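Residue numbers (the numbering used here), protein chains in the order written: chain A, 5 to 317; chain B, 5 to 317; chain C, 5 to 317.
Certain hints may be false.
No copy labels: a pair is met if it fits in one copy or bridges any two.
Below 27 Å or equal to it, Euclidean Cα-Cα: the simulated DSSO-like pairs (lysine-lysine) are [stated by the list, open to error]: (1) Lys86 / Lys242; (2) Lys303 / Lys242; (3) Lys86 / Lys249; (4) Lys249 / Lys259; (5) Lys86 / Lys243; (6) Lys86 / Lys303; (7) Lys303 / Lys249.
Keep in mind the hints are simulated off the structure, nothing from the lab. No experiment lies behind these values; they were computed from the predicted model shown.
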Amino acid sequence: MSSLITMDDLSNDEIQEVLETAERLLPVARGETYLPLLQGRILGNLFFEPSTRTRMSFETAMKRLGGDVVNLGAVASSSVVKGETLYDTIRMVDGYTDVIAIRHPRQGAAQYAADAADVPIANGGDGAGHHPTQTMLDLFTISQAHGRLNGLRVVLAGDLRYGRTVHSLAHALVRFDCELVFASPSSLRMPEEITSDLQKHGANIIESEDLLNHIDDADVLYMTRIQRERFPDEEEYKKVSGSFKLTARDLANAKQELIVMHPLPRVDEISPDVDATRHARYFEQAFNGVVTRMALLCKMLDVEVPANIGGAA
Amino acid sequence: MSSLITMDDLSNDEIQEVLETAERLLPVARGETYLPLLQGRILGNLFFEPSTRTRMSFETAMKRLGGDVVNLGAVASSSVVKGETLYDTIRMVDGYTDVIAIRHPRQGAAQYAADAADVPIANGGDGAGHHPTQTMLDLFTISQAHGRLNGLRVVLAGDLRYGRTVHSLAHALVRFDCELVFASPSSLRMPEEITSDLQKHGANIIESEDLLNHIDDADVLYMTRIQRERFPDEEEYKKVSGSFKLTARDLANAKQELIVMHPLPRVDEISPDVDATRHARYFEQAFNGVVTRMALLCKMLDVEVPANIGGAA
Amino acid sequence: MSSLITMDDLSNDEIQEVLETAERLLPVARGETYLPLLQGRILGNLFFEPSTRTRMSFETAMKRLGGDVVNLGAVASSSVVKGETLYDTIRMVDGYTDVIAIRHPRQGAAQYAADAADVPIANGGDGAGHHPTQTMLDLFTISQAHGRLNGLRVVLAGDLRYGRTVHSLAHALVRFDCELVFASPSSLRMPEEITSDLQKHGANIIESEDLLNHIDDADVLYMTRIQRERFPDEEEYKKVSGSFKLTARDLANAKQELIVMHPLPRVDEISPDVDATRHARYFEQAFNGVVTRMALLCKMLDVEVPANIGGAA
Chain A
5 MSSLITMDDL SNDEIQEVLE TAERLLPVAR GETYLPLLQG RILGNLFFEP STRTRMSFET
65 AMKRLGGDVV NLGAVASSSV VKGETLYDTI RMVDGYTDVI AIRHPRQGAA QYAADAADVP
125 IANGGDGAGH HPTQTMLDLF TISQAHGRLN GLRVVLAGDL RYGRTVHSLA HALVRFDCEL
185 VFASPSSLRM PEEITSDLQK HGANIIESED LLNHIDDADV LYMTRIQRER FPDEEEYKKV
245 SGSFKLTARD LANAKQELIV MHPLPRVDEI SPDVDATRHA RYFEQAFNGV VTRMALLCKM
305 LDVEVPANIG GAA
Chain B
5 MSSLITMDDL SNDEIQEVLE TAERLLPVAR GETYLPLLQG RILGNLFFEP STRTRMSFET
65 AMKRLGGDVV NLGAVASSSV VKGETLYDTI RMVDGYTDVI AIRHPRQGAA QYAADAADVP
125 IANGGDGAGH HPTQTMLDLF TISQAHGRLN GLRVVLAGDL RYGRTVHSLA HALVRFDCEL
185 VFASPSSLRM PEEITSDLQK HGANIIESED LLNHIDDADV LYMTRIQRER FPDEEEYKKV
245 SGSFKLTARD LANAKQELIV MHPLPRVDEI SPDVDATRHA RYFEQAFNGV VTRMALLCKM
305 LDVEVPANIG GAA
Chain C
5 MSSLITMDDL SNDEIQEVLE TAERLLPVAR GETYLPLLQG RILGNLFFEP STRTRMSFET
65 AMKRLGGDVV NLGAVASSSV VKGETLYDTI RMVDGYTDVI AIRHPRQGAA QYAADAADVP
125 IANGGDGAGH HPTQTMLDLF TISQAHGRLN GLRVVLAGDL RYGRTVHSLA HALVRFDCEL
185 VFASPSSLRM PEEITSDLQK HGANIIESED LLNHIDDADV LYMTRIQRER FPDEEEYKKV
245 SGSFKLTARD LANAKQELIV MHPLPRVDEI SPDVDATRHA RYFEQAFNGV VTRMALLCKM
305 LDVEVPANIG GAA
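Bound-form chain A, shown alone (with noise of 0.2 Å):
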């Protein structure tokens, strides 16, 4: 493995194995221990987009490892206003790092840059192309949840449309042979093409504008914003979204293990008294965005990850 541009790039295999490593550092993740793997190491954030989440989690990740980050900073005061090419940005920041995480607001931006690029990329979201390390610490929170990633039931829910979260973890899903239920507001269904072709790789997928009546089958609920500026009016809007909101209330007779998930940031598509129950896992859904990308980062820099880490320090 070099980069990892779609979660193609990682066989069911090698999916595991990372999961298994990202368990394996949870302790340096969590600053008990001092491991520092990728001393010497630089990874060169280049987001062309503002993402907080994505961003401070890779910064995180190389720091706890040992390592360290340089940031391309503003796009609007960077070279990129001059004029410059990805291509010549690519060159130069690949000078300078051994590896580069890429945020980019155009599809295929990341495997532009891989092409590119001496050293291996890490796509962070291109437009509505992938997002891998995303779904690989959503995995990861399902995996550390219900001990297996095989034969769940998931609900995505919200908006399936336009989000390339739920596009990339239905994929992934379904090559564990997950069930899933896609409940969304029919404005917002998942596009035909990626149904189709779920069903294809033989995906058993239930569609629904309904979420209440899907949660107490559900192993895994996974929630996403839906955003305002994707309807005509205000009123279609609160309509719409408003059967998307869930409350600890909507939760009353969901299995014990179900658990709550989403990419955060949310606004109000899920109550503050979920939080405090115990199917709630979106805050250390967002801590395992740092794991994940510890065991990703060192996989792609090819740095070995010893078996026994041992306990807080």
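Please build the complex by placing chains B and C on the supplied structure of chain A, with the hints as guidance.
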């Protein structure tokens, strides 16, 4: 101790202990000795409003001790603009870091953050609220110059009405039985409720609209900036602020050991000719922000600072 | 040596010594070897105007050597906008750091900073003034390609009037007895006072409005960007700039060992088909910014670089 939100979180003994620790750490702060006490630890810098000095000195403090820092970055390009609550932002960053420094325009935000977070919070200034690390570096500067905090005569001058810094400092100095002179234009007097509260605690306070008459008896002269925006018109501003500008000549009859302090940035309230006098301490005071925050970070992270650190490398 | 403000701060022997040190540091700059010579040291990056490449390569240089960096950050959100003088900003940062890299729009600002600071200052470009670390990386690139600096034939092409980079480089090359060709549109000629000053120092200079005729004899072709804003109208710009765009075909009869350089970012003055030729050195040149600045930082901080560093890890 976990979080540091107001000076009330520290007893007088603890204040003295931190100042002693800070003194021991001076060679590390100056880069003469390398002492990676915080290796593997990460500080989250959450500056919801800019503050060059506070942010940079927190960063330096962490890095001088072998730790590292992740920054939230400009709020305008962070998840905050997507409507994320402070609670959610804190819950995210708290998963990435071992300690958080927060600066926020809203009074009470730091305490709110401390309630949300699992990691300790250092209040780097919350609106009209508190700024305890500033107070600690001010106390350290006074203590280094005079060998003690107790019983000094301290003139606080300039804008005493809106200045969070002087409010906190006044409270702290009264705990060490200092005599206080509040010298300000009448429209920028120390708020009545603060003055009377200090007097209830036994404070000996003189209030004056005149600065010059109080310099010769002072051990400490703490200058602050008078902002143009506080005045209805330019004329009024010029008239008033003119009497609160310090020049070297004004120090002609000052005590030898008088020190002149300023939280910086200054505009024109201290003439550059003061810089060369034996009294100027404001640049040293800025440097002291590093060493004091080093001591506080060690305390918050429960890391012991050795009694003997040794001199220049 | 303490500060590096102009190339005059370095003797020819010192230049050679820095280039040799830089060569030894190559495995460290490439991340093949970890050599924490600057552990515990902090660089203050004060970029009063943006400069992606210079800032990032200073950061990388420091971090590859185990040191760390604190950034002033965007001027718009720094204490500078509150009216702080450059003097005060420098006096603050100088208390936080061991060495400062400054970029400033005003000519002379770097020298002014060096006069104010106790720590050494590296001039990262001061308006129309100097940019010595750029010149050093240019010299390193030439020296690596040709095994020497002396007696080469160097064509400087494009905007020679406003380009600080080519002014500094021309001066340095004359110190090593290079023959210079100044190829530019007439409106962007090298300033008369520079040319005559170089000639007074014994320089052999050819001036020309034609680029192509001078390629075949050249050892080094140094391209620069011609900015649209320099021309009264679009027509004039297109006509003139067109003759200063380099394509692979133009290099058909070039010497085998000719190298093509560019300070980057380029817009369209070097066609992408040049990238694949044996002559292209501009991306390597950007990388050389790291290793050259590593050598300079060690020199400024008086840290000895071992004679034998060893190869890939």
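Status of each hint after checking the structure:
1. Taking identical chains as interchangeable, the C-alpha atoms of Lys86 and Lys242 lie at most 27 Å apart only when they sit on different chains, with a minimum of 18 Å there against 42 Å within one chain.
2. Taking the shortest Cα distances, Lys303 and Lys242 never come within 27 Å of each other, neither inside one copy (45 Å) nor across copies (49 Å).
3. Within a single copy, Lys86 and Lys249 get their C-alpha atoms only as close as 44 Å, which misses the 27 Å cut-off; across copies the closest is 17 Å, which meets it.
4. When the C-alpha separation of Lys249 and Lys259 is checked against a cutoff of 27 Å, the pair qualifies only within one copy, where the shortest distance is 19 Å, while the shortest distance between copies is 68 Å.
5. Taking CA atoms no more than 27 Å apart as the test, Lys86 paired with Lys243 passes between copies only; the shortest distance there is 21 Å, against 45 Å inside one copy.
6. For the homomeric pair Lys86 and Lys303, neither the shortest alpha-carbon distance inside one copy (35 Å) nor that between copies (33 Å) is at most 27 Å.
7. Taking the closest pair of Cα atoms, Lys303 and Lys249 never come within 27 Å of each other, the shortest separation being 38 Å inside a single copy and 42 Å across copies.
Checked against the numbered hints above, the structure breaks hints 2, 6 and 7 and satisfies the rest.
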